[in-house]
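Chemist: Chains C, S, D and E, in that order, give the protein sequences.
Residue numbers are given in our numbering: position 251 of the first sequence equals residue 1448, and the series is strictly consecutive.
Residue numbers are given in our numbering: position 237 of the second sequence equals residue 1434, and the series is strictly consecutive.
Residue numbers are given in our numbering: position 176 of the third sequence equals residue 1373, and the series is strictly consecutive.
Residue numbers are given in our numbering: position 241 of the fourth sequence equals residue 1438, and the series is strictly consecutive.
Note that these hints are calculated values from the structure, not bench results.
Here the structure is a predicted model, which means the values were calculated and not measured.
Nothing false has been slipped in among the hints.
Identical copies go unnamed one by one, so any copy, or any two together, can satisfy a pair.
Cross-link-like lysine to aspartate or glutamate pairs, in silico, EDC-like; alpha carbons within 16 Å at most:
1. Lys1435 to Glu1285
2. Lys1439 to Asp1458
3. Lys1435 to Asp1233
Number of protein chains: 4
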Amino acid sequence: MVIVIQCTDKVGLVATIAGLLQQKELNIVSMREHVDSIQNRFYARVEISKTIDATVLEAQLKGVLPLDAEVIVNPNPVKKIIVFATKEYHCLSDILIRNHFNTLGASVLCVVGNHSHLQDICRRFDMPFHLVSHEEITKEAFEEQLYRTISGYEVDYIILAKFMRILSPWFVEKYTLQIINIHHSFLPAFIGANPYKQAYERGVKLIGATAHFVTNNLDEGPIIAQQIIPVNHSYTTKDMVKAGKEIETAVLANALQLVFDDKVLVYQNKTVVFE
Amino acid sequence: MVIVIQCTDKVGLVATIAGLLQQKELNIVSMREHVDSIQNRFYARVEISKTIDATVLEAQLKGVLPLDAEVIVNPNPVKKIIVFATKEYHCLSDILIRNHFNTLGASVLCVVGNHSHLQDICRRFDMPFHLVSHEEITKEAFEEQLYRTISGYEVDYIILAKFMRILSPWFVEKYTLQIINIHHSFLPAFIGANPYKQAYERGVKLIGATAHFVTNNLDEGPIIAQQIIPVNHSYTTKDMVKAGKEIETAVLANALQLVFDDKVLVYQNKTVVFE
Amino acid sequence: MVIVIQCTDKVGLVATIAGLLQQKELNIVSMREHVDSIQNRFYARVEISKTIDATVLEAQLKGVLPLDAEVIVNPNPVKKIIVFATKEYHCLSDILIRNHFNTLGASVLCVVGNHSHLQDICRRFDMPFHLVSHEEITKEAFEEQLYRTISGYEVDYIILAKFMRILSPWFVEKYTLQIINIHHSFLPAFIGANPYKQAYERGVKLIGATAHFVTNNLDEGPIIAQQIIPVNHSYTTKDMVKAGKEIETAVLANALQLVFDDKVLVYQNKTVVFE
Amino acid sequence: MVIVIQCTDKVGLVATIAGLLQQKELNIVSMREHVDSIQNRFYARVEISKTIDATVLEAQLKGVLPLDAEVIVNPNPVKKIIVFATKEYHCLSDILIRNHFNTLGASVLCVVGNHSHLQDICRRFDMPFHLVSHEEITKEAFEEQLYRTISGYEVDYIILAKFMRILSPWFVEKYTLQIINIHHSFLPAFIGANPYKQAYERGVKLIGATAHFVTNNLDEGPIIAQQIIPVNHSYTTKDMVKAGKEIETAVLANALQLVFDDKVLVYQNKTVVFE
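All chains should be built: construct the whole structure from the sequences, respecting the hints.
Modeler: And the structure:
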């Protein structure tokens, strides 16, 4: 069972938390604590060996911690997620396979696509697929339809698995810190259209990818995980796109595992990742 | 200030430690705790923001923890080390440079060599160099002379920076868990003479290195850090030796930093590394 | 179009090859050449920009090269493969996904399993699955049945995607240098049963995987690719198995891409990989 | 002996080169060829086993190759270099150590510093150190003094080993493609002052470094090598600076080895690296 806590820092927080757990005869199997002294912020993740009533423990912890404490006890061990995708198969397929064999650490409720390209792969896994086209309607109408499509689901996270539309602030705010995106980010970062072409022209020796929470500035939210893959002069733009897909798949899988294991705490624009 | 603790596990240890620190108005900046449930062993590393009397705090912690608790408070922030080397310069030079610019996290007291090859580089850094030749004497006499050479120093760690002699149990026991070795270990591991020639003949695509504490089975002690470097078909045995030196230097530097920062706890044949 | 050549080395081989290509007005887009001076062996891989009659060019090259030259011109750009698997899904699923979206660089003809566990995932991709049980029959009978099952297919490579049976020499010889295996290999390598348990007990900080051609000594054939993944003290044996699966999937995918792109040349027990 | 060639591409270049070498009974030990089909540019690197008169062979190759061909035969096997540095020791020390033990693949002629901080470490290696202060003089006067200081040396490369001054175009043009810089570049790249502070605030999980040739846009020249090092939430800005130094040292060492081994060809703003 996992306990995740963040609040304003002060002396004695670990003692307070550990004292309460001791009273309840709960053994701490693993504990990670971090204080960001610039933000004066306390972060902790505690694993205990027994499973007890989460609501009660959560209330008890809130009772002894500072008023601004965010306490999550035993978050759904299997998270419920929805995946948004467009045409590219690589990230979605990896998620579908892990979901199918129960190793994702989450359960995929459905997939939403703004094109029909990925409908077939979903069908093969008996996964509900909702086609919500952005064509011939306004962005607002598109997002309202997106929202109507998923609002009936009780969802922990929305995964943008190469979803090639930028979501409006009103949509993002409906799911604060619940939307995770995978972004092709390069060294040096290339802004604007066709980043792989820019990377090719610059002659970079590494390309990378970044998984992050979506906030109102797309590609600017708190970073969960980043990795790179080496490339060289023999790579065409097309080869770089291909290598980029491999690293996007790997980084998103890694980030999702961290999030689903409740190892990622977010405050303002940064994450604390208790790997 | 750092506190490092290990003992038999039981419910309430974190509460006990954190409670004592709270009483003393000490704020925990960072805490890592791990319980090995198979060994039933508790490991913790705590960083606190203030600097207080270490001896008093250590005694107080021992007073409230289980009898078998090993508690180290504020270990010498700058460790004192002696380096043993033979002919190869790469690991020793890296240590000498970092020592010279005060970024090693330790202070090198002297270097001991069983050949004179590295005397000159030590002289350039005003570093005492003791030549203790193993030639024309028995192993026992050699090691006794080694021991006499260093026994006058108050030393925290002895670093075998490519020291090509195997130390006898009696010597190792004088410095239990204080001797750190860097070992060329391959994938798959090659035993016996000339491992790089074997690696070349096997056509491996990776070579690696392992930094570990020395116990009575050389190359079998608790592992601190391991890394690899890719190689390919164009590497001759000589090229592999060269690549091996690069990775040996990097792994040893990494392992020493972890040890000198008191991030490595050892129990039986394994380490807990709170990176 | 790709040309792959290996033969005994002698002066003038590149001139001979390039001269013939020039006569035919073929431009060399990329050329990799390597001489193993210990084996006195010449290896080359040439990419040319035009597509011409492979049989004619192959005969012409053989006509001007040493008698022992192995020349392959324009090997099937899409290789035909059969996958053998047992119960673990990770490597097979990755292959099935890439095959389904035509990015594998090969076409999967069928899957053979000695258990029925992976029949369902194959069915979902309309992939023929042949169940050949090893139970209640001799090893010889099992392998004869395996052979009968696949002998009707014209196959370039057999991929052992976590196939947990050791194939007999007679079977391996039927498919010389056509069988590729993925092996969990550790640092240091652990022999015998339960390598992950051994790795856990040894406290390694890295685990690895090796993709190799199968020869009569299983796990001893020419290595194609190797990679590692870091682990730490918090990993249980089960966590190591999980991390091992991630790296096995990645290494096998990488090795297959190299083989399918005709970038891997084999001679005796080693590979030349023109990445 | 190494031959490096680049020119406009056309059919038959490999045959022309290899034919000439065959006539001279020279065996090609290793050959890398690459055609950039967008630039229509041919690049080759050939290693031959014998050592012969470089001037003669160079002239002969130029005689048979296109007029724009750049041919370098047997470039000084030991390159002559000058190192520019400011206050940071890490890159310079690594170069001095390798130079001292004759494993750099180049010979350091002298070090030029615009501060006196690194004079002592040079003295310890009997390395000439020229102090050229930029203080209290114009940039132009500073660079003229720099130029006067080094113009007497016959130099192959100038290494900016954390030299914190931007060189003017006139200076850079004196040493076209002979100046190599190591740059802290991040993911995403941070422009302007204090990149590590920006990286800290952005909460990146990787920091990187780039070694590149200096052209008139500092930090924009052809990239030779790039690598990254993982960081996490526990890194302060100071820790990031420290990690950055480790990766800067490693990337520069790697890039220099590639350049000194004549494995890096440059055309316009990109490199071909025949690793």
